[in-house]
Amino acid sequence: MDHFPLLTAIMLAPIIGALFLSFLPREADKIIKMVSALTMMVALGLVIYAYEMYDFNLGGMQFVESRAWIQDLGVSFILGVDGISLPMLLLTVLIGFSTVFASWNITKRSKEFFILLLILLAGVTGTFITQDLFIFLLFYEMVVIPIYIMVLIWGSSKRVSKEYSGMKLTIYLLLGSAFMLVGIIDLYLNAYPSGMRTFSMTALAQANQLGNLSEGFQIFTFFLLMIGFGSLLSMWPLHSWSPDGYAGAPTAVSMIHAGVLKKIGGYGLIRIGLLILPLGAKFWAPWIALLAVCNVLYAGFIALVQKDLKYVIGYSSVSHMGYVLIGFAALNGTGMNGAIGNMFAHGIMSALFFAMIGYVYEKTHTRYIPDLGGLAHQMPRVATGFMLAGMASLGLPGLIGFIPEFTIFVGAFREYPVYALLAISGIIFTALYILRVLANVLFGPRRTEFDGCADARGVELVPLIVLGSVLVVFGVFPQMLMGMVNSGVEPMVPFLTKLHAAPALLGGLFR
Amino acid sequence: MFNEYALHHAWLIPLLPAIAFVVIGFFLRKSPVLSAFLAITMSMVSFILSLGVGYGVVVQHITVEHPLIDKIPWVDIAGLSINMGMYIDPVSALMLFIVTLVSLLVQIYAVGYMKGDDGFGRFFAYLSLFAATMLGLIIAVNFVQMFIFWELVGLCSYLLIGYYFHKPSACEASKKAFMTTRIGDFGLLLGILLLQIVFGTLDFAQLTIAIPEYVQQYGTGVLTVAALLIFAGPIAKSGQFPLHVWLPDAMEGPTPVSALIHAATMVVAGVYLVVRVFFLYSMLPNVMLIIAWVGGFTACFAATIAITQQDIKRILAYSTISQLGYMMLALGVGSVTASMFHLMTHAFFKALMFLAAGSVMHGLHDKGNIFEMGGLRHKMPITFAAMTIGVLAISGIPPFAGFFSKDEILLAVSEVSAPLYIIAVVTAFMTAFYMFRLLFLVFCGPEKPENNPHEAPSTMKFSLIILSIFAIIGGYIPHVYHFGEWIRFGDASHEGLNWTIAATSMVLSVLAMALAWLIYGSGKVSPDRLAMRFSTLYNVSYHKYYIDELYLWLNYTFVRGFGKILYWLDLYIVDGIVNGLAKLTYRMGDELRQWQTGYLQQYGLILFGAILIMVVWLVITAPISMASLRGGAY
Amino acid sequence: MISLVHYLTVAAILFIIGVYGVLTKRNIVTILMSIELMLNAVNINLVAFSRFIQPEVLTGQVFSIFTITVAASEVAVGLALLFRVYHDYDTVHIDKLNRMRW
Amino acid sequence: MDDLVYTIAFYILAAITIASAIGVVTKHNLVHSALLMALCFIGISGLYVLLQADFLAAVQILVYSGAVAILIVLGIMLTQRRSMENTNPNSGWPRGAAVVCALLFVVILIVIAATPWHYSSSMAAQDTPSVLARLLFTDYMVAFEAAAVLLLAAMMGAIVLAKGGEEK
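Residue numbers (the numbering used here), protein chains in the order written: chain A, 84 to 594; chain B, 777 to 1410; chain C, -15 to 86; chain D, 31 to 198.
By construction, these hints were calculated from the structure, which means they are not laboratory data.
Please read these numbers as outputs of a predicted model, since none were measured by experiment.
Just so it is clear, CB atoms sit at the ideal spot from N, CA and C, and this is done for glycine as well.
Here are the computed lysine-lysine pairs in the BS3-like style, where the Cα-Cα straight-line distance is at most 27 Å:
hint, chain 1, residue 1, chain 2, residue 2
1, A, Lys241, B, Lys1359
2, B, Lys943, A, Lys446
3, A, Lys194, A, Lys241
4, A, Lys245, B, Lys1359
5, A, Lys241, B, Lys1340
6, C, Lys80, D, Lys193
7, C, Lys80, D, Lys57
8, A, Lys113, A, Lys446
9, A, Lys446, B, Lys806
10, B, Lys943, B, Lys1143
11, B, Lys1237, B, Lys891
12, B, Lys1340, A, Lys245
13, A, Lys390, B, Lys943
Far from chain D, by Cβ distances over 12 Å, these chain B residues were calculated:
hint, residue
14, Leu788
15, Gln982
16, His1230
17, Val1301
18, Arg1305
19, Glu1325
20, Leu1330
21, Asn1331
22, Gly1356
Hey, can you work out the whole structure from these sequences and the hints?
The following block contains the structure:
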């Protein structure tokens, strides 16, 4: 290891922060929050540094660190990032940084809250930077448990109790990971003969070329992974945890969950599903595209009739994941670029949305849309955040959502014209429900009952400024995001072209 | 020198207002004077630059065939690369001139109109943003850039219609505007994607070359679909039937906005788009016919509604729809020249009329019903003069601007289709009628004592006067200076007036004026009696053919109904299965826990019994032999 | 000649009696005693193995000593628990202590 | 001659041990059971003597017949208030338990009988206490110390448990 272990440092920063917090007295509320903010700031700084230092021309995995861990099982601690994982990493720390500030007003057991938050963030960071499936699973499980505790203690009960939503969330995620686990073990056992077995993603990705994985095996295993990652990504009909879960969760968890956790599903589908099991991916892609259309339209329509703000955004995120899925299912460079870009874009906008909903709820004590109205009078800054997030969500050009969506459409339209047409019609319904929310919550006559509600100020503005400026800057200069994503996708393009050319069953190219 | 600079720095034209938007939005919102000053200064510079561009186009002989294109890569990824840049040709130079001029005048006007409003700074920020995005749209080099700014002007329109966001009606109107145009954008986006898939590029210049070749090779099948889909965008944006419903409601915005966005500039973006991609449409005569009929129908249809409306801005709004229909009609019959000419004159006189209407409402404290006005010519002479010029211009009375452009359109239509020509003439007649109706009701007749009108402040008057001048000379000067040689598609069209057509329309306009005077000016015929007499017709027209109601019903019944059904499905079927599974697990646990008696000895007994059974079982099935049971040799 | 088998048989009988006691007696004290019987059966085995299989090394006896230690601790703690149970529930009958059921 | 004595001694001791063990689980009076248990332990220590484990025999008498039996009796004394009649009843499923135990016994016997034992012919160690001491303080040092800690912990645990927590 001749260079500074950047990725380890990024991952360890929250953990060290959490450790440090555990030694602080629980009364030191301000210090606890500041320490959390500081650790996330360090992580953010390191990730931005990595983003800047990443060599586009070189491409591929960079900042690689590798240490042997459990050699008998072929597990090694490999970290590395490429153009696919680096945006996800940036997304994680951006949102993580914002969640600390969005949770600034938490007073109930704040020490435990921030410790759990930091552990959660370390877990998510780990899933994106590891290049070893075993470690991937390890980090993933590390994510699930803090979420459950956080929902139960700091959540809120509305249509469903927080116990129900926490349970639903956790069980879905664990169920997903169970399928994932079976798939991964299956893969592990079949990819290489005994003695050469390994969990390394790069090595497993070679197995297909070597002809170790038969097509039938790939189809079956990809199905397992599809269920696992699909339930994480809220693929229809495995989506129903998402709105309920967000509704019960505290702001920070909703932000992280909608913003980053769902993206582990998409990331996994690409990194593990597509790259390791290409024939399986090819077999299932049309089905994924169909389910994606269901996601877009079904969730879009449902979002139209929701009365709770969080449910609207919950269903909206399900709907947006449909775009990611159809971009993935196109299995071409353009669609893949769009899918990854859209994961980033959706992460930022949904986190901003949830942060703003958190403020509204905190100040007005209601999320019920008919009870709200005219908040732009009392809370112009929150209203600005809402507008930004909403407009990004309906794919307004100049904000982060447009270019990824457009890219997805270009990619998907080529492969599935009918599905793509249906999915694109989603932009109408997205606009319909977003505008409805904006009109009913922000606009309208001034309501005197909200006169006492103060606008976001001081540190509360940090999520708005951080996420909002990312929204605009990456929207106006999309190459900053798409260039990075493309550097990860471009090397896959010949692979994808070959995959398209391969006959449906038993392709000679892959033998 | 200057024209050289302006030509190559035309990208500054949209950029300057954008800078104004950012600066006002972040720093100057609280200061009305500074924000207005900055916005107007930036608009002024933009205007001067676009004058330079126009001059440059003329002296450097930049024609529609040889545009000046400059672009930089914006997004470049596998399978898709998008440029941003500027496309300067006479058409876009003309549009730059119109937009910067009207926008500058409207901003000056707004200083007086919006004085004392709480959101003064916000208003100017939005106006600047609008100017920036509209100008960006004009110089678009490819479909994506066009689409991006197309959406952004929609956003500005949304923001400005909903400017008085405390008014529920304004909220609704802004939502409606956004939604309706979004439906069009859906088609536009699909069309763009189709072109991208077929040609692999969306660049206007490249498509101009590629499309004729493609048509020769493969025919027009796919292109027809693409062209029709793209036309959905203009239908929504330019308020063509059946997506016109948002435009009248858009009058909830402040009047300067109505003048700038919903009369003079943004709504003509649809026309401009069709002109810009005329290389596509000119290949597809069937699509052209559809465009012509949509335009013609819209023109006539909107005019029939305008006749019975009572709100001054709504009348103007329907008039705008009607005139936009005219422009589409002109495009449909293949005359870019006529269409753009009318676009220009319309921008002048319609902006003028809107600003005059704003002045009236400003003087009457936001009263809008024309039947409650009357006799304002004494107290508001300048406004009266301005409105009169506008009405004369739109009615096609020479030598005002509208006469020349309308004549051009009628001429072009008459060469293609007789039915459309008749529709166009009837529309012209109705237009003159309802415009004079408005003029007579508002400014003539006895003064209403409850009104206490006052003339507009000087900034408003300034804009009125300037626009009046343009509305007077804006037709004649271009007519004389060979407008058609610059603004055209294909060969230059013919010059000069066709006196038969000109005379017909002129006579009809005068007749309409006389009829309007008879009913609304002199009071010889009671309008109420007429309304009673033709009550069905009157009601249908007054209620805008019940199209709003239809859409509302469709939205509620189908879209929301469908949403409700799906939500029910989600709650009780999809989630029901999930919860059912959970319940099943719970039940099973409930059954199994009965076995947990709490008697330790029972557990022990079962334990030992099980061990026994296992041992016996293992021995019988012999996976372990007796020998291994012994545990090895000792 | 008395061989290892004899000792093992005696130990087995003792162990089975202990098991029977644990499984059938109501009184916790008797159950404790039965457990002691089982432990002793094991000790006999250990010592017998030590004697007959590796008489020169006394490993088996060492193990027995540890077993005895553990058994002694177990009795002490077990009886303490018995006192608690008796104090809290006023019974020493194990079938009354079935609170850990559904 | 020695063999005969040895054999007779073994059978007598085995009979005492087993008979008293049976008594422990069948007597209805708890005190009788406890006393029979002490007798059983003495029998076992006799068996130890026969196995040439003299030190263990002594420990057996001291720890089991002495300490453990006393403790048990103490336990009985502290938990039985009324008469000692029928203080050692059966519960549960005696027949089932008997069947299971019998079968288990059969299995064990089979295993014992089927195993080919390899007897060592070498002499048993003499002077067991010193040999054991050497073993305990060399090879089994750690285990020995752990046992010491265990005893300490058991003692503390017993005290804490018997004393009871703070009554709230």
